[in-house]
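Here the protein sequences line up with chains U and W, keeping their order.
Numbering-wise (our numbering), the first sequence opens with residue 336 and increments by one.
Numbering-wise (our numbering), the second sequence opens with residue 207 and increments by one.
Just so you know, the hints here were simulated from the structure itself, not pulled from any lab data.
For clarity, every value in this text was computed on a predicted model and none was experimentally measured.
A virtual CB, placed ideally from N, CA and C, is assigned to each residue, including glycine.
Any given hint might turn out to be false.
As a list, the in silico SDA-like pairs of lysine to any residue whose alpha-carbon atoms are at most 25 Å apart [to be verified]:
#1 LYS399(U) with PRO264(W)
#2 LYS653(U) with VAL248(W)
#3 LYS254(W) with PHE553(U)
#4 LYS329(W) with PRO640(U)
#5 LYS399(U) with VAL288(W)
#6 LYS632(U) with VAL288(W)
#7 LYS395(U) with PRO250(W)
#8 LYS395(U) with GLY433(U)
#9 LYS366(U) with MET354(U)
#10 LYS399(U) with LEU255(W)
#11 LYS254(W) with ARG409(U)
Which residues of chain W face chain U? A partial, calculated answer using Cβ under 7 Å [as the list claims (entries may be wrong)]:
#12 GLY231
#13 LEU233
#14 GLY242
#15 TYR258
#16 PHE286
#17 LEU293
A few chain U positions that, by computed beta-carbon distances, are all more than 10 Å from chain W [said to hold, decoys possible]:
#18 GLU364
#19 VAL390
#20 ALA397
#21 PHE448
#22 PHE472
#23 TRP516
#24 TRP517
#25 LEU587
#26 PRO593
#27 PHE594
#28 PRO623
#29 LEU625
#30 ILE639
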Amino acid sequence: MNDVLDVALRLVIVFAVFMVVPLVVGQAEHKVMGHMQGRLGPMHAGGFHGWAQLVADGVKFAQKEDVVPANADRRIFQLAPAVSLLPYLLVVLVIPVGRGEGAVGQAVDAGVFFVLAVMGVGVLGSLMAGWASANKFSLLGGLRTAAQLLAYELPMLLAAASVAMAAGTVSLHGILDAFQWWWLPWQIVGALVFFVAGLAELQRPPFDMPVADSEIIFGAYTEYTGLRFALFLLAEYAGIVVLCGLTTVLFLGGWHGPFGGDGAGWVWTLLKTAVLAFVVIWLRVSYPRLREDQLQKLAWTVLIPLALAQIALTGIVKVAIS
Amino acid sequence: MSQPTVLASDYFQSYAVVGLLAVVGALFVAVAFGAGRLLRPVVPTPEKLLTYECGVDPVGEGWAHTQVRYYVYAFLYVIFAVDSIFLFPWATVFAAPGYGATTLVEMFIFLGFLAVGLLYAWKKGVLEWT
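Chain W extracted, bound-state conformation (with noise of 0.2 Å):
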């Protein structure tokens, strides 16, 4: 059994790079922003501080609450976004021996129903806003 341990460190040792390069990245942030302490000038002021709408005094709280829109196509994301994530381990494999037609039908089948889902979507209007 000790092959698929070669492997496994193999396939992880290409992310840890990967995660090596994050922590280059995460220090330049922080040399920079440091290095910015030094430089900027600290001069606050409560006007400064105000949130900056237009140039007036805010009105209101910024958390303001808005018309939520785009839940819908939340939705619809979230239901084509699980599709993709099947294409893919779908897509290295459905043209090898064995596979072939079949395969490609059968997820045809599939993107099928989300398209008739979008369809529906559509003809209900979902996607127009005026």
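Isolated chain U, as found in the complex (with noise of 0.2 Å):
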């Protein structure tokens, strides 16, 4: 009985979590963004500094009528938003946020290699909205989704697999508990390349390409409206949390810290996620979008050899070492 207990309560935190960092990242998005840009952001919904604004959003959604284009591919086109969502989801289930079995939803053994192709399945929903939307806007955008994915999976793929080799495991515990402090900048190459990859994989300025609104509308989102269209913005903002969780989790070091002792692991974690979702939202206001051949040319010309020079020099430290 305690054993049904204890899955039930880790499924009802992983969920709460995925409800509410997206949420709250978000949130954070519209008040950086607007002090960045001059602004205030929101200021009325809730009262204060307009911390209910989403929740507001949310409830407008939901009264928003569900408009299924009559060319569209009925079927298809409404389930895209949950397969773009739920990956997230199962995602956020295996990251370790502390020390030991206690601080995580479900350890996997396979713990990269799993999230890694879970969350490729993401990029699914926007070819099946883009395909079934019967709509040229949407159908480029989903192309552009299809290309984006194959050139950005690779260089996360593989600087991911540099981890796995420095720590010798795939699991992403293992990785954790091999984790030194020089392993920052050993691997600094490879994180910024998980990072940038990612970044591309979520679409997010300068990487989004196939919603470049000011060409082809809104890309695969187009004809969405209502619910799904919320489904499909909570899955990427979940996105930004997983990708600013993992890339804590496999290059920075998770729980480890320079101070706080292992009752404080939590909070390291956390912490060093907050800051890359911050970088996420400065990066949206910084830059100019990429163009489609410019984007595609990073990805193979610049980040695949980066990846595999770090591949490489991982091999030979650790090698060296052992």
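From these two lone chains plus the hints, build me the complex, please.
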């Protein structure tokens, strides 16, 4: 009976985290972007600095009519938001927040592998949306999404493989147990490649070609309204949380910190994740959008060679010290 | 032969929780869509159901022909994806006793082939569009 309760509790916590933390990131984006652009951001909803803005948005989305275009492939069109959202929920389950078995939803042996495989599924949602909408702009957005996935999945995999080599395991717990502070400079190139490629997979600016609003309306999401559109947005912010959490765990040492001991491990994880999320927002404000061919070129001629070089460096150092 | 069975059940137990969470997620989506149906208005008009295209009536079919420039990338991707699948199991053992430098060199040769392939594609101008 205890086991059942334990599992149930974990599922509830993971689900709550999945629902709340992306909203916190979204609200932070409103405010941070506002201040970086010399304005205030939302100030009204909820009273104190517009803290309830996203709750109000959610209420608004839930009341909107759900329009499925007459030409669309109805079932696929309706399922697409769920396909793009749910993989991130599964990833949140396996990210370790603190030391030991208690501080993770569920430890999975093939951690890194599982996480990367499941994250890849999320992009399918955008593809389904792009194809099923029967809209030229959606189709273009969908194809761009596909091309972006093809280009950026690789550097991400290679950078993650470098960490797996350094730790000698693919389990996220194992990687954190093996972590030493000097991995930071050792894996820094891999970390940058992983983070940039992750941003591109999430289609965040400056890699938001698939949803470029000035060219193709809103890419694959053009025809979506109400709740389904809200789920796509939630998926984007959940993606930011997952990417920042993973970068923290794989490259920044997760619960390791310069002081505070084991008990404060989860604080370090959250702090590092929050700083990375801030960087994601910062990049959105700072950089213009890349052109589609520039984007492909960056992946194939910069990130992949860099990732391969990182793997070589990791291999040589690892064999030299063992 | 009882030991492998125990290991297997341990192994799959962690994925059972993953499966359970997937069910929770599916339930959430179903409930959200179901509740949405009760909350939102349904007033379809023919204009509303038209494909959206810059505000004017749509021209031609939605499933249009486009130039698929990405197929070469798809080839490149498949080649490298297979490689990275090999990398993960190799990564966990290559520094273990009994492997070491020889194993590393073998992987370098493998990666070398791939790098030459990428270089060839690059020189051929596959990675340039303009």
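Structure-based check of all given hints:
{"no.": "1", "hint": "LYS399(U) with PRO264(W)", "in the structure": "holds (24 Å)"}
{"no.": "2", "hint": "LYS653(U) with VAL248(W)", "in the structure": "violated (62 Å)"}
{"no.": "3", "hint": "LYS254(W) with PHE553(U)", "in the structure": "holds (18 Å)"}
{"no.": "4", "hint": "LYS329(W) with PRO640(U)", "in the structure": "holds (15 Å)"}
{"no.": "5", "hint": "LYS399(U) with VAL288(W)", "in the structure": "violated (44 Å)"}
{"no.": "6", "hint": "LYS632(U) with VAL288(W)", "in the structure": "holds (21 Å)"}
{"no.": "7", "hint": "LYS395(U) with PRO250(W)", "in the structure": "holds (19 Å)"}
{"no.": "8", "hint": "LYS395(U) with GLY433(U)", "in the structure": "violated (37 Å)"}
{"no.": "9", "hint": "LYS366(U) with MET354(U)", "in the structure": "holds (19 Å)"}
{"no.": "10", "hint": "LYS399(U) with LEU255(W)", "in the structure": "holds (15 Å)"}
{"no.": "11", "hint": "LYS254(W) with ARG409(U)", "in the structure": "holds (15 Å)"}
{"no.": "12", "hint": "GLY231", "in the structure": "holds (4 Å)"}
{"no.": "13", "hint": "LEU233", "in the structure": "violated (10 Å)"}
{"no.": "14", "hint": "GLY242", "in the structure": "holds (4 Å)"}
{"no.": "15", "hint": "TYR258", "in the structure": "holds (6 Å)"}
{"no.": "16", "hint": "PHE286", "in the structure": "holds (5 Å)"}
{"no.": "17", "hint": "LEU293", "in the structure": "holds (4 Å)"}
{"no.": "18", "hint": "GLU364", "in the structure": "holds (23 Å)"}
{"no.": "19", "hint": "VAL390", "in the structure": "holds (15 Å)"}
{"no.": "20", "hint": "ALA397", "in the structure": "violated (5 Å)"}
{"no.": "21", "hint": "PHE448", "in the structure": "violated (6 Å)"}
{"no.": "22", "hint": "PHE472", "in the structure": "violated (7 Å)"}
{"no.": "23", "hint": "TRP516", "in the structure": "holds (20 Å)"}
{"no.": "24", "hint": "TRP517", "in the structure": "holds (16 Å)"}
{"no.": "25", "hint": "LEU587", "in the structure": "holds (20 Å)"}
{"no.": "26", "hint": "PRO593", "in the structure": "holds (27 Å)"}
{"no.": "27", "hint": "PHE594", "in the structure": "holds (31 Å)"}
{"no.": "28", "hint": "PRO623", "in the structure": "holds (18 Å)"}
{"no.": "29", "hint": "LEU625", "in the structure": "holds (13 Å)"}
{"no.": "30", "hint": "ILE639", "in the structure": "violated (7 Å)"}
Of the hints listed earlier, those the structure fails to meet are numbers 2, 5, 8, 13, 20, 21, 22, 30, in rising order.
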